[in-house]
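**Student:** Sequence:
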Amino acid sequence: MGSTSSGFTFSDLFAGVGGFHAALHAAGGQWVFASEIDRDAAGVYDYNWLRPLRKMGAAPPAGVSKFRVSGDIVPLTEPKVQVPHADVLAAGFPCQPFSKSGKQLGMEETRGTLFWNIAQILQDEERRPSVVLLENVRNLAGPRHTETLATIVRTLRQLGYRTASKPAVLSPHLLPPELGGRPQARERVFILAHHVGRETAEDAANYDDPIVTTRTSFGDWNKKKWSLEEHLPLEKAADSRYELESTERKWIDTWNSLLTDVAMRLDPGERLPGFPIWADAFRTVQAAADIIEAAELRGEPLPAWKADFLIKNARFYERHAEVIDRYQMTIDSFPASRRKFEWQAGPHVALEESILHFRPSGIRAKRPDYVPALVAITQTSVLGTRRRLTPRETARLQGLPDWFEFRQSDEEHTNGWVQQKDAASYKQMGNGVNVGVVFFLFCRYVLEHSEEIPQHIVDAVRTASEDGRRGPDSVLTQLSRDR
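full-length UniProt numbering puts the first residue of the sequence shown at 1, with every later residue one more than the last.
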């Protein structure tokens with residue numbers, strides 16, 4: 001599975017289907033351990049990453065009896081740590097609230113959370129890794145989770161790990177293709193740390209700035225250059241099961257006709273409104289003002305944003321009532337979440353030339369450059385009026401190679417492997433990490449702290465990334481030869 005015999009070792013907690021595995025292998029790493037509680041995800045991980053090792057007759061790493069994905073991490077870390085030692089530990093752990101006793105107790109504050117189970121490994125002198133790579137949702141770095149993040153950072157430092165006070169935040173669409181970027185806007189938080197001892201870790205002089213906090217593109221890359229057709233790429237002949245249902249096509253066709261008719265009435269250079277267009281708010285400005293006033297008289301004033309929303313839609317309706325009235329009855333028959341439409345595609349184009357997203361809050365249209373973040377529920381992006389993104393395309397968006405397959409063990413019937421259901425594949429991609437982002441951040445972090453990180457890790461990363469100038473794709477593509 002590639003030439004990583006002289007590299008470093010890694011453990012993969014909350015492993016999903018192996019996004020961390022792909023990135024760390026491409027960076028020169030060798031697998032030692034994986035833990036994933038979801039049976040479907042563990043099966044896909046095993047098929048793609050461990051089955052080939054068994055097939056080629058590779059010997060398991062020292063301290064590991066066989067190539068397999070372990071389940072729940074909790075019994076493997078308490079009361080005794082059973083996770084083998086590895087140079088690098090990666091974990092896409094769930095964000096859970098910590099104890100609010102008011103006392104800064106460090107690791108004890110995390111008891112009862114899955115981060116505590118990670119910390120159990122980090123405090124074990126025989127098993128603790130040299131480098132830690134943690135991933136979480138963007139909200140972890142937001143104002144509502146300030147204390148949660150501070151507790152994680154404080155705990156890492158008490159355990160002897162040097163880490164920045166603020167995490168790295170990065171989305172794959174900000175990286176150029178040659179560095180592993182992908183056309184997906186998916187900001188995630190990454191906490192990187194390396195072991196230096198508690199005294200050094202708690203020295204304020206070592207509180208690094210985060211390695212990435214930018215929301216702009218890297219180097220000369222411009223995120224507006226993304227094209228799904230060119231950079232993903234899109235499949236030329238997708239299976240008919242990904243085509244939209246007739247009711248879904250009706251929603252899109254109706255909104256497309258309405259917006260096309262409205263666009264023909266706009267002044268030169270004028271664009272469709274950027275605020276959500278809500279059919280339930282189509283009324284005169286006076287009627288909207290009456291609703292706002294009535295709420296105030298009841299002592300239940302509307303939030304400023306909602307009042308503004310009602311007035312904007314009323315003005316839009318008054319200006320284009322002649323067009324809107326032709327479609328009002330049809331749109332009124334739609335489900336509530338399909339009676340709201342948000343245009344984010346700039347100058348008007350036909351909806352079949354845009355990317356659509358069926359959201360609980362409405363339908364959103366944007367340019368066909370990069371897609372919104374994949375989510376764990378079935379809000380998969382829609383390509384105009386044609387079809388949904390396929391599982392293969394969502395895997396490409398996460399940086400997984402085309403040889404990656406969504407297969408499960410079928411031991412009950414054939415003792416073989418079967419293709420899993422699409423719903424499970426979409427869920428796994430929505431929960432997963434982006435390979436290119438992990439590779440980029442890990443390599444950059446190791447190279448920036450090369451004087452404090454073991455030399456064999458630094459050497460492996462420097463070679464694999466060509467000193468940070470190369471992404472993971474070429475290494476992962478080569479793996480197909482060994483499968």
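Derived by calculation from the structure, the hints in this document are not laboratory data. Because the structure is a prediction, the values reported are computed rather than measured. Think of the CB as a built atom: it goes at the ideal place given N, C-alpha and C, for glycine as much as any other residue. Any given hint could turn out to be false.
Computed spacing ranges between beta-carbons, pair by pair [said to hold, decoys possible]:
hint, residue 1, residue 2, range
1, R326, E466, 55 to 65 Å
2, T330, E229, 56 to 66 Å
3, S450, P303, 47 to 57 Å
With a cut-off of at most 25 Å between alpha-carbon atoms, the simulated DMTMM-like pairs for lysine to aspartate or glutamate come out as follows [as the list claims (entries may be wrong)]:
hint, residue 1, residue 2
4, K225, E235
5, K80, E126
6, K250, E322
7, K224, E322
8, K366, D467
9, K236, D467
10, K236, E178
11, K366, D253
12, K366, E235
13, K223, D467
14, K250, E353
15, K427, D467
16, K421, E296
17, K306, E296
18, K223, E243
19, K224, D369
**Student:** Hint compliance check: list the failing hint numbers for this structure, sorted ascending.
**Tutor:** Hints 2, 7, 8, 9, 15, 16, 18 contradicted; others consistent.
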